[in-house]
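Chemist: Sequence:
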Amino acid sequence: MKLAVLLAVRFWEANLVTIGSILERLVGSVNYSLDWSEDEWHDNLFTNLIGSWLVSKHVCRLMRDAKQKGSVVNISSIGGIDRGHIPGGLGYNASKTGLNAVTKVMAIELGIYG
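Numbered per mature numbering (1 follows the signal peptide of the UniProt record, and there is no 0), the sequence shown spans residues -16 to -1, 1 to 98.
Since the hints were derived computationally from the structure, they do not count as laboratory data.
Only a predicted model underlies this, so the values are computations on that prediction, with no experimental measurement involved.
Below are the DMTMM-like pairs computed for lysine to aspartate or glutamate, each with C-alpha atoms no more than 25 Å apart in a straight line:
hint, residue 1, residue 2
1, K41, E93
2, K88, D49
3, K53, E93
4, K51, E93
5, K88, D66
6, K88, D27
7, K41, D27
8, K41, E24
Estimated spans, in silico, between C-beta atoms of each pair:
hint, residue 1, residue 2, range
9, E93, S21, 31 to 41 Å
10, G72, Q52, 34 to 44 Å
11, D23, Q52, 37 to 47 Å
12, D66, E93, 20 to 30 Å
13, V89, D23, 22 to 32 Å
We treat Cβ as the ideally placed atom computed from N, Cα and C, and that holds for glycine.
Construct the entire structure; sequences and hints are all you get.
Modeler: Written out as structure tokens, the structure is:
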């Protein structure tokens, strides 16, 4: 799972640079199974939280360096908000809460670039 996410991020980054195109918007949406082993817990966190952050980081760097204003929209879940709960979804809820926090902080830190 980790390798697949990393390869996808690198593929998109390389292709955006190759064709000389800069994104103005990024919408990220990840879905994952709710029945996990310990390894699947880590895969879930990597996919929902770290994978989303990696894609956002690379796209935002490209936008910043090109002085391209834009926006990032990460699709989360009711499991990631206060009082949101999906039964049996502790890891899922944790990853989506983390994604919400990462998205808010990115908005604050990257707002100076437009």
